[in-house]
Amino acid sequence: MNRKDVSPLIPVLGSIGESNLAKRRASRGSNENIEFSYHKFEVYDNVPLNMTPTIAPLSSNVQPNKVFWVTHIANMSRDNMLCSKCGEGFEPQEKIVNSTGQLWHQHCFVCAQCFREFADGVFYEYDGRKYCEHDFHVLFAPCCQRCGTFIIGRVIKAMNSSWHAECFRCEICHVELADSGFIKNSGRALCHQCNANVKAQGLGKYVCHKCHSIIDDQPLKFRGEVYHPYHFNCTACGVELDANAREVRNRPGLAKNDTNELYCLRCHDKMGVPICGACRRPIEERVVTALGKHWHVEHFVCAKCEKPFFGHRHYEKKGLAYCETHYHQLFGNLCHHCNQVIAGDVFTALNKAWCVNHFACSVCDQKMNQKTKFYECDLKPVCKKCYEKFPKELRNRLRRQHEATPRRVPTPVE
Amino acid sequence: METAPSVSCLPQNVKMSKAKKVLEDAREIKNPELDLFDKGVATFEEMPGLLNMTYITRLTLSHNRLRSVPPGLANLTNLETLNLANNQIEELPLSLSSLPKLRILNLSINRLYVLPRGFGAFPVLEILDLTYNNLKDDSLPGNFFMMQTLRALYLGDNDFERLPPEVKNLKNLEILGLRENDLIELPKELGELTRLRELHVQGNRLTIIPPELGNLDMLSNKAAFRFEGNEWVKPIADQLQLGIGHLLDLLRSETYRITYGRYLTNKPPVPAPCLDKAKKISRIR
Numbered sequence: 001m002n003r004k005d006v007s008p009l010i011p012v013l014g015s016i017g018e019s020n021l022a023k024r025r026a027s028r029g030s031n032e033n034i035e036f037s038y039h040k041f042e043v044y045d046n047v048p049l050n051m052t053p054t055i056a057p058l059s060s061n062v063q064p065n066k067v068f069w070v071t072h073i074a075n076m077s078r079d080n081m082l083c084s085k086c087g088e089g090f091e092p093q094e095k096i097v098n099s100t101g102q103l104w105h106q107h108c109f110v111c112a113q114c115f116r117e118f119a120d121g122v123f124y125e126y127d128g129r130k131y132c133e134h135d136f137h138v139l140f141a142p143c144c145q146r147c148g149t150f151i152i153g154r155v156i157k158a159m160n161s162s163w164h165a166e167c168f169r170c171e172i173c174h175v176e177l178a179d180s181g182f183i184k185n186s187g188r189a190l191c192h193q194c195n196a197n198v199k200a201q202g203l204g205k206y207v208c209h210k211c212h213s214i215i216d217d218q219p220l221k222f223r224g225e226v227y228h229p230y231h232f233n234c235t236a237c238g239v240e241l242d243a244n245a246r247e248v249r250n251r252p253g254l255a256k257n258d259t260n261e262l263y264c265l266r267c268h269d270k271m272g273v274p275i276c277g278a279c280r281r282p283i284e285e286r287v288v289t290a291l292g293k294h295w296h297v298e299h300f301v302c303a304k305c306e307k308p309f310f311g312h313r314h315y316e317k318k319g320l321a322y323c324e325t326h327y328h329q330l331f332g333n334l335c336h337h338c339n340q341v342i343a344g345d346v347f348t349a350l351n352k353a354w355c356v357n358h359f360a361c362s363v364c365d366q367k368m369n370q371k372t373k374f375y376e377c378d379l380k381p382v383c384k385k386c387y388e389k390f391p392k393e394l395r396n397r398l399r400r401q402h403e404a405t406p407r408r409v410p411t412p413v414e
Numbered sequence: 415m416e417t418a419p420s421v422s423c424l425p426q427n428v429k430m431s432k433a434k435k436v437l438e439d440a441r442e443i444k445n446p447e448l449d450l451f452d453k454g455v456a457t458f459e460e461m462p463g464l465l466n467m468t469y470i471t472r473l474t475l476s477h478n479r480l481r482s483v484p485p486g487l488a489n490l491t492n493l494e495t496l497n498l499a500n501n502q503i504e505e506l507p508l509s510l511s512s513l514p515k516l517r518i519l520n521l522s523i524n525r526l527y528v529l530p531r532g533f534g535a536f537p538v539l540e541i542l543d544l545t546y547n548n549l550k551d552d553s554l555p556g557n558f559f560m561m562q563t564l565r566a567l568y569l570g571d572n573d574f575e576r577l578p579p580e581v582k583n584l585k586n587l588e589i590l591g592l593r594e595n596d597l598i599e600l601p602k603e604l605g606e607l608t609r610l611r612e613l614h615v616q617g618n619r620l621t622i623i624p625p626e627l628g629n630l631d632m633l634s635n636k637a638a639f640r641f642e643g644n645e646w647v648k649p650i651a652d653q654l655q656l657g658i659g660h661l662l663d664l665l666r667s668e669t670y671r672i673t674y675g676r677y678l679t680n681k682p683p684v685p686a687p688c689l690d691k692a693k694k695i696s697r698i699r
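Line order of the protein sequences matches chains A and B. All residue numbers for the first sequence refer to the working numbering, where the first residue is 1 and numbers rise by one. All residue numbers for the second sequence refer to the working numbering, where the first residue is 415 and numbers rise by one.
Treat the hints with caution; some may be incorrect.
Straight-line alpha carbon distances no greater than 27 angstroms define the calculated DSS-like cross-link-like pairs of lysine-lysine that follow [unchecked claim]: (1) A:K384 <-> B:K585; (2) B:K585 <-> A:K304; (3) A:K199 <-> A:K184; (4) B:K434 <-> A:K367; (5) B:K550 <-> B:K582; (6) B:K602 <-> A:K392; (7) A:K367 <-> A:K385; (8) A:K270 <-> A:K293.
Keep in mind the hints are simulated off the structure, nothing from the lab.
With the hints as constraints, model all of the structure from the sequences given.
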């Protein structure tokens with residue numbers, strides 16, 4: 001053992017022999033007191049709901065203690081010195097242990113549990129007895145419920161167990177509960193927010209994203225969350241909102257929630273948000289403008305088949321819109337022969353329309369053009385050759401009828 | 415497979431060789447549209463191989479002297495248009511209505527007294543022309559009005575006195591020709607044919623119009639209502655004088671409903687047939 005001359009902290013004993021602690025100090029080059037912080041058990045009782053946790057010290061006098069080895073006591077008589085453990089005196093030249101003003105034989109200064117010397121001179125005193133670090137932990141230090149290791153420093157006593165502060169977390173969102181407090185909910189420790197959510201879900205209600213309390217009446221949905229309507233005011237007139245307030249997506253190019261604003265129903269209606277001409281509801285997504293009105297895309301439909309146009313061409317007639325097929329079916333340009341929409345030029349005659357290639361004599365099926373002279377029989381076109389092959393009595397009757405029919409151009413009709 | 419071309423018992427006249435030539439030419443170029451009108455043919459035997467030309471889509475045989483149609487015509491399963499106008503056909507084969515693609519069938523100016531059983535089975539028939547035959551109320555088979563695809567039905571110059579209420583099943587009917595029949599009344603079910611835009615009833619024995627016909631849109635430029643040559647009751651005659659719009663207004667009015675009801679209960683005498691149809695060539699036996 002090396003010797004050190006001075007230990008200023010033990011003025012009573014004068015010169016001090018070697019000490020493990022002093023050695024350690026010397027190696028650190030520090031004269032400061034070394035403190036092992038091990039105090040203040042913080043205890044959370046199973047606090048009732050909504051109460052902040054209380055903190056109370058469990059054992060305040062447990063501290064790691066310092067020990068000094070005294071090998072030579074030069075200037076003092078050993079006659080008055082007695083071992084604190086066995087009460088015997090000290091032999092001359094015998095090593096004496098000095099700790100907090102008390103003296104021990106070296107063999108008396110041991111762990112109360114394992115009777116071995118204290119490693120590095122660190123011991124813990126509990127209920128008048130001294131223990132080495134290991135035995136103290138084994139006998140008295142709490143184990144964390146979560147990680148199963150000893151807890152040094154802050155001990156969280158909660159849920160009938162002990163926890164490291166960093167191990168005691170909300171079971172749903174895993175936020176640390178040591179400083180914010182917790183609420184026991186059916187055997188789980190939850191933070192206030194999660195507890196409120198769980199409770200609201202059980203009631204089938206929303207929790208206000210702002211005040212975290214249950215929304216008893218109609219909630220107001222805004223930017224993807226639900227709120228009490230009364231937390232907001234109308235963007236336009238400032239009136240406190242109710243559940244009828246409307247969320248307006250005023251800049252469709254951006255992510256849909258970011259720029260949403262809230263308006264009271266009155267201001268919303270005044271803002272000129274288009275109203276669908278079919279369902280009379282405001283249009284918040286794509287707007288179709290046609291026939292002088294606005295429409296939901298899916299509500300702008302053919303007046304005949306009621307299928308939405310979805311951007312396909314529509315035809316207007318008398319204030320109504322029609323798909324191509326039904327427009328032609330209802331208003332004309334379907335070819336009398338092929339019953340298809342006429343692409344290109346149209347032959348119109350006898351209250352009917354034909355594709356240019358389909359205009360033919362109804363009797364001999366020969367093609368006719370705008371120069372061909374034809375007769376009319378029951379508003380069917382009949383070429384001159386065929387008409388002349390008709391029975392004479394039929395021709396006579398047809399002629400008489402034409403003569404009797406007012407407003408009719410006499411045959412041949414061009 | 416057909417018999418040798420030199421069937422000596424048939425008259426080798428000019429028209430017939432014409433028909434044969436047309437057939438040969440058509441076969442050569444595989445023309446799907448076959449024109450055999452005014453070729454003087456009296457039987458299908460004079461057109462050898464015709465019934466094997468299954469690719470043809472149109473067959474025009476008008477202005478001939480055909481007296482019957484062979485069942486084998488139904489072999490021509492691609493036919494879309496069959497024109498038999500102005501022949502002397504008295505009977506049609508049952509198989510005709512099985513033609514799967516036939517859209518247009520012209521049987522006008524023939525000698526039909528009756529249509530075969532199941533005639534209404536055409537799957538896609540759109541235009542049916544039976545003008546100038548000898549059809550009457552009991553000539554039509556039970557399924558005649560089941561032709562849902564029918565757009566135009568021409569029954570002018572026949573002998574109908576009444577049209578059955580089943581006419582309402584022709585949901586797609588746009589044109590109904592009933593010129594110069596013996597019609598005594600129109601079925602009120604005509605008012606259910608929402609797409610009807612041509613109605614030819616001139617030259618019949620009609621006196622009154624069911625109020626239901628006021629539903630029809632007869633005012634568009636595509637519409638035609640031909641009504642001359644009937645013995646209309648005075649209110650109708652007066653309105654017709656003024657125009658179709660006035661007639662429709664009358665038909666839709668409550669007073670006309672009463673007039674019509676009173677007229678039906680009174681059962682006035684039916685006008686006598688006014689037409690002498692004996693001269694019709696369709697009557698020649």
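Hints that the structure is at odds with (numbers, increasing)
Result: hints 1, 6 break, sorted rising.
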